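Read top to bottom, the protein sequences are chains A and B.
So in this note's numbering, spot 321 of the first sequence is number 321, and the numbers just go up one at a time.
So in this note's numbering, spot 19 of the second sequence is number 1019, and the numbers just go up one at a time.
In case anyone wonders, no lab produced these hints; they're calculated from the structure.
In this text, all values refer to a predicted model and were calculated from it rather than measured experimentally.
Even glycine gets a Cβ: it sits at the ideal position worked out from N, Cα and C.
For the chain B half of the interface with chain A, some residues (derived, Cβ under 10 angstroms), not all of them:
1) Leu1028
2) Ile1039
3) Tyr1046
4) Ser1063
5) Phe1066
Simulated DEER-style distance windows between Cβ atoms:
6) B:Leu1077 / A:Val209: 35 to 43 angstroms
7) A:Thr524 / B:Ile1020: 32 to 40 angstroms
8) B:Asn1010 / A:Ile369: 54 to 62 angstroms
As a plain string of letters, each chain reads:
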Amino acid sequence: MTLLGIDYLIIAIYFLFVIGIGFLLKKQIKTGNDFLMSNRSIPLWITSLAFISANLGAQEVLGMAANGAKYGLYTVHFYWLGAALAMIFLGIYMMPFYYGSKARSVPEYLKLRFDEKTRTFNAITFAAMTVFSSGVSLYALAMLMELILGWDFNLSIWMAAGVVLIYTFLGGLTSAVYNEVLQFFLIVLGIAPLVYIGLQKAGGWEGIVQHVADAKLHVWKGLGDPSQNPMGVDYVGMIFGLAFVLAFGYWCTDFLVVQRAMISRNLDDAQRTPIIAAIPKILMPAIVIMPGIIILALQKQFAGFELPVSEQGDTNYNMVLPVLLQQLYPNGILGVGITALVASFMSGMAGNVTAFNTVWTFDIYQSHIKKNASEKHYLYVGKFTTIIGILISIATAYIAKGFNSIMDLLQLVFSFVNAPLFATFFLGMFWKRTTGDGAFWGLVSGTTVAAITHGLTGAEGKGAWIMNVHQFYSGTSQAFNIAWISFVACFVITIVTSLFTQPKPDDELKGLVYSLTPRESRVTNTTLWLGISVLIVTILLNLIFF
Amino acid sequence: MARYIGTDSNNSFKLNLFLIIMTKLLDLRFLIGLFFLLIGLMLIIYFLVESRQITSEKINLWSGLFFSGFGLTMLLLSLISRK
Chain A
1 MTLLGIDYLI IAIYFLFVIG IGFLLKKQIK TGNDFLMSNR SIPLWITSLA FISANLGAQE
61 VLGMAANGAK YGLYTVHFYW LGAALAMIFL GIYMMPFYYG SKARSVPEYL KLRFDEKTRT
121 FNAITFAAMT VFSSGVSLYA LAMLMELILG WDFNLSIWMA AGVVLIYTFL GGLTSAVYNE
181 VLQFFLIVLG IAPLVYIGLQ KAGGWEGIVQ HVADAKLHVW KGLGDPSQNP MGVDYVGMIF
241 GLAFVLAFGY WCTDFLVVQR AMISRNLDDA QRTPIIAAIP KILMPAIVIM PGIIILALQK
301 QFAGFELPVS EQGDTNYNMV LPVLLQQLYP NGILGVGITA LVASFMSGMA GNVTAFNTVW
361 TFDIYQSHIK KNASEKHYLY VGKFTTIIGI LISIATAYIA KGFNSIMDLL QLVFSFVNAP
421 LFATFFLGMF WKRTTGDGAF WGLVSGTTVA AITHGLTGAE GKGAWIMNVH QFYSGTSQAF
481 NIAWISFVAC FVITIVTSLF TQPKPDDELK GLVYSLTPRE SRVTNTTLWL GISVLIVTIL
541 LNLIFF
Chain B
1001 MARYIGTDSN NSFKLNLFLI IMTKLLDLRF LIGLFFLLIG LMLIIYFLVE SRQITSEKIN
1061 LWSGLFFSGF GLTMLLLSLI SRK
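Only chain A is shown next, with the shape it has when bound in the complex (with noise of 0.2 angstroms):
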């Protein structure tokens, strides 16, 4: 793949602008919160983008259109059957309590309905997972960069991380958020066309069926044997194990994304800005799916379509969307395609950052660190932290280069504390007798029972390093099991736990849970129609492309 002047222009004119919105931004930010929780006055489309695009970084983008061509159309159960329902399930019955509890973040919610220990394990723990994520999407970029450019690796990763840094130490959230929901339209309007061409040159949607197999033009059929559907996933995975558990816990309790809705003027922003970000993410798989597939149709009628494979005999699927660019794109667009990319790279980067910085600041510095310092103090913070977050990310990314097998450890660690997640946000907004020590105690043992899931089931040459007491057909498979497993874990210890031990008084539980909050500053009636009504678009095309 050949860039010319106009492609480097296009590219140089993105990241203009990037640094240019900090720049602007700059003097908007006088304290802590400013720089951390943009003083929560954002209005409500750009949250709404934000929350989606925050989402849509590299691992989305190319990564889903990697299970496109892999699993078909299946992979669309992540947006219609598990970020759809949780987005609206997060803005009708969870966001009054993060909004209204007034905690700057997820962990804080934890404290003010549990206790400390449970909101440090939290807070570690997402941190962590904030700056790990952060540094693997700079390593992926840099890579794809050196693969389909020729660009020098430590070139890629210094120079996207000094604009991401640049933006987010000038402007804060805010300055990441302007940039995401640039960074939405830049990624939408960039593939868009790619997907128009390539549906043109496959035929389309009658050469897809031609030279598709049937088996990855379904949603739902084959999901009763898992041998027959190309995810290898059964009903109960996919129901319990993805749509419940895993996107129920991601969408509704990964700070990342919950903090784009916190930053809303009102309660009634916050509340619709996932239902609202739901009505883009329902399309999405047009635009991050479908390229997966047309390469699949292309690949019969074409030469040059080929997927290219490593020396263990695998298939790079990750590589779908630079063939389909290098192909398709002619100079000019390709621009606007390889800054899609950078976008993309970059919008996952920010968005990890912003969300570690502000943990940090609020839930372990401040809150173990130093008490009751000046709101400049935690502007300086905020602003150091944004730096360390940027350097930790870039060593990461090093360290992915040189120890691929440590970076897979670390994603399976961090994917056993996330499954039982949901299930203490569940309890403890639900039932008002969880306690603190209940919650604390569900979270590890969910986290050790993942971990001994693991250990005892296989799939594709994985897992099972206890011994081998079951198979999966696939690794996407052992993962939607093992998550319901930790989930139905976390929930029956949290209950035991709760049941033995001393749950807070009533009235410190006033806005923290449903039953001790009042219905009227629960919902309205706008935002629980539009829910319906998403949910109702949500099930016709479920049953559309059954």
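Let chain A serve as the given structure and place chain B on it in line with the hints.
Positioned in the frame of chain A, the structure of chain B alone reads:
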């Protein structure tokens, strides 16, 4: 006297224009509009100057027109907004 009044009103106009531009630069719709209008125009110009002869590269023209249209819409939304 008229000259001074003219200068004052001219300066005041310039100051107002400056303030409007500065306010609009903090409006995300304005920035997004400006970005896509710029990229769209670049694609159109590139198509007209460099790649017009190659039929498969009309995607630059169509994308350029769409980006410009989207950019203009965002700019208009920003300009008609009272804030």
